[in-house]
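Just so you know, the protein sequences line up as chains H and C, in that order.
Going by the working numbering, the first sequence opens with residue 1, and the numbers climb by one from there.
Going by the working numbering, the second sequence opens with residue 1, and the numbers climb by one from there.
Think of the hints as simulated: they come from the structure by calculation, not from any bench.
Ideal Cβ placement from N, Cα and C applies to all residues, glycine included.
Heads up, a few of these hints could be off.
Residues of chain C clear of chain H, computed beta-carbon distances all greater than 12 Å [said to hold, decoys possible]:
(1) Cys30
(2) Arg34
(3) Gly39
(4) Thr44
(5) Gln71
(6) Asp91
(7) Lys120
(8) Asp121
(9) His122
(10) Gly142
(11) Cys175
(12) His180
(13) Arg187
(14) Pro197
Label-pair ranges, simulated between beta-carbon atoms [what the hints assert, rightly or not]:
(15) C:Thr12 with H:Lys58: 40 to 50 Å
(16) H:Ser26 with C:Lys120: 18 to 28 Å
(17) C:Asp9 with H:Arg122: 51 to 61 Å
(18) H:Ser287 with C:Asp151: 19 to 29 Å
(19) H:Glu272 with C:Asp80: 49 to 59 Å
Calculated lysine to aspartate or glutamate pairs in the DMTMM-like style (CA-CA distance at most 25 Å, straight line) [what the hints assert, rightly or not]:
(20) C:Lys2 with H:Glu340
(21) H:Lys270 with C:Asp149
(22) H:Lys270 with C:Asp153
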Amino acid sequence: MIEGEFRDPSGCAISGVIDRTGRRMSGACMIRSIATMHDRSNGLGGGFAGYGIYPEFKEYYAFHLFYDDVVAKKEGEDFIQRHFDIAFQSAIPTRKTEGFGDAPIIFRYFVLPDARKLETRRLDEEEYVVRCVNRINTEIKGAYVFSCGKNMGIFKAVGYPEDVGEFYRLDEYEGYAWTCHGRYPTNTPGWWGGAHPFGLLDYSVVHNGEISSYDANRRYIEMFGYKCNLQTDTEVITYIVDFLLRKQKLTLREVAKVIAASFWTTIADKSEEERREETYLRKAFPSLLINGPFSIIFGYTGGLMALNDRLKLRSMVVAERGDRAYIASEECAIRAIQPELDYVRAPRGGEPVIFELKGGAP
Amino acid sequence: MKFSAQGMDHRTLNERVRASGDSLAEIADCLGQRYIAAGLSGKTLRLWGTPGNALGAYLDGCSIEVFGNVQDAVGDTMNDGTIVVHGNAGDALGYAMRGGKIFVRGDVGYRAGIHMKAYKDHRPVIVVGGVAGSFLGEYQAGGVLVVLDLDRDPAGIVGNFCGTGMHGGEMYLRCAALPHALPAQVRAERLERVEDPEILQILSEYAAAFGIPSAGLAEGPYFRLTPNTENPYRLLYTNN
């Protein structure tokens, strides 16, 4: 199936759940949730991010890679061996699933940066990992790192999300938080690496929308060493959030005010303190305002953030039931896994909703 | 007829309703099925659960009652009939609606009544018992939008950009203060109580639908919003 062969009136679907006590849930719940929104995807991409899924290797960066062939695998593994100590490696277990016959080679590695190289490069550990991942993705043909965080993992493919979840046997993983995505690509052909979530370190983004400011955002973020390889807007969102959070040390709420900044007319009506803050953030990072419709779930160690574009051109609801919090494109995707809710509501455009583990990251 | 929609896709659900000779369909366990009753006429539907997007799209004379929340684009381009929602509604409620009535007991999302229009005796009506999100009545071209804020939500009766692009129809907002920053092309008139017999009739139908006393509903203050004919949209986009 190639993009453009048919048209199908749908839009992407996103869903997420977190248990704020840190109690772990099987990935099966996310599969059930996203399956309810089947009609929003068109089979050109689906994926999941699970947090807390690798407790036995929680100190190690978990690299998930696609390889086109054994040559790429050899080259990729040579690179990883030169730059990291590998604690454990294996093929990522998959289930024989119809429609996944053309799967790439899918491997994972639990690694720590090579201590000597890290010392001589004078980089902090995370920056070292990011640069290595960037090099693999841009320099090694046919190799692609699609997940590289600690105690979390991304699983994605071309296909409907519920089938992707089956393929990766996500019912056998347990995490305290999950996000997922069903894809309906608008501007790029669907391929395995282009499915969501996008990840960098432990950050992950699932996104429903289409960003009209893509080029302006890309030009700016590439000045800081990021390489947008995929031509997709979700990749650029991931880099923007990484830049603002990890490098500029903004808080999540401040990040939301940069990428989904209020209109000047709306800012003018706010309290003096809010006005000063939002004006500062809009002026400091004008090129990182994301225009066009989007709803995203941003995942990180210990939490999830839901955010809509400021005009709210995509639907999204949030809900809670006891210690569990839910985010989804449609209410039905939440009710599918939790029929009884304490409340369900639709956040306003540009209003970040953050759900975190009680007592911080595990 | 009466059935459970559990595990049922939207085509099967709609075909069952259409194929049945019964004029009443009671459907339990709805969960995200889109296009329920799309284009349908002459039937009564009672729904439980969470029906999916575009419920009653192109509806042409049915009566639908939902005992729960509804999602986006309910009554999209609806022509005739009634949709009563006992919970909240998502975005773009009554999108391009051109006839019939939608009554919601709770809140509605962004862009309720976007591009509603009227033609001859077709005059669409939306009444919201709670509050509305931003862009209420965006590009409204006809019909009546009423927001009652029955529970006096501290968040305010509407979000931002109310009536942007409004050029026909009327809006009634039951509140003591006018929403800030109304567009210059919209005129607001304060009413201490509703006296227009057409609106009074709508309010009493709304009250009956939810079994609430109708007596107080006419009491304001209200603001009635209409397009400002003295300040049309010339020179807004182009120089002509």
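Could you check the hint for me, namely that Asp9 of chain C and Arg122 of chain H are 51 to 61 Å apart, CB to CB? holds (58 Å)
Lys120 of chain C: least C-beta distance to chain H exceeds 12 Å? Holds, because the least Cβ-Cβ distance between Lys120 of chain C and chain H comes to about 31 Å, which exceeds 12 Å.
Closest CB of chain H to the CB of Asp121 of chain C still more than 12 Å away: holds (32 Å)
Given as non-interface: Arg187 of chain C, which should sit over 12 Å from chain H by C-beta: With a cut-off of 12 Å, Arg187 of chain C remains clear of chain H, as the shortest Cβ separation is near 20 Å.
C-beta pair Thr12 of chain C, Lys58 of chain H: status relative to the range 40 to 50 Å that was hinted: Check passed, 46 Å falls within 40 to 50 Å.
Taking only the CA atoms, is the gap from Lys270 of chain H to Asp149 of chain C under or equal to 25 Å? holds (23 Å)
At 12 Å, judged by beta carbons, does His122 of chain C keep clear of chain H as stated? holds (26 Å)
Whether Asp91 of chain C stays farther than 12 Å from all C-beta atoms of chain H, as the label says: Given that some Cβ of chain H is not farther than 12 Å from that of Asp91 of chain C, nearest at about 5 Å, it is violated.
Using the C-beta atoms of Glu272 of chain H and Asp80 of chain C, is the stated range 49 to 59 Å upheld? Check passed, 51 Å falls within 49 to 59 Å.
Nearest-CB test (12 Å) between chain H and Cys175 of chain C: holds (17 Å)
Straight-line alpha-carbon gap Lys2 of chain C to Glu340 of chain H, limit 25 Å: holds (23 Å)
Does the claim that Cys30 of chain C lies off the interface hold, with its Cβ farther than 12 Å from every Cβ of chain H? violated (8 Å)
In summary, the numbered hints that this structure violates are 1, 2, 5, 6, 12, 16 and 18.
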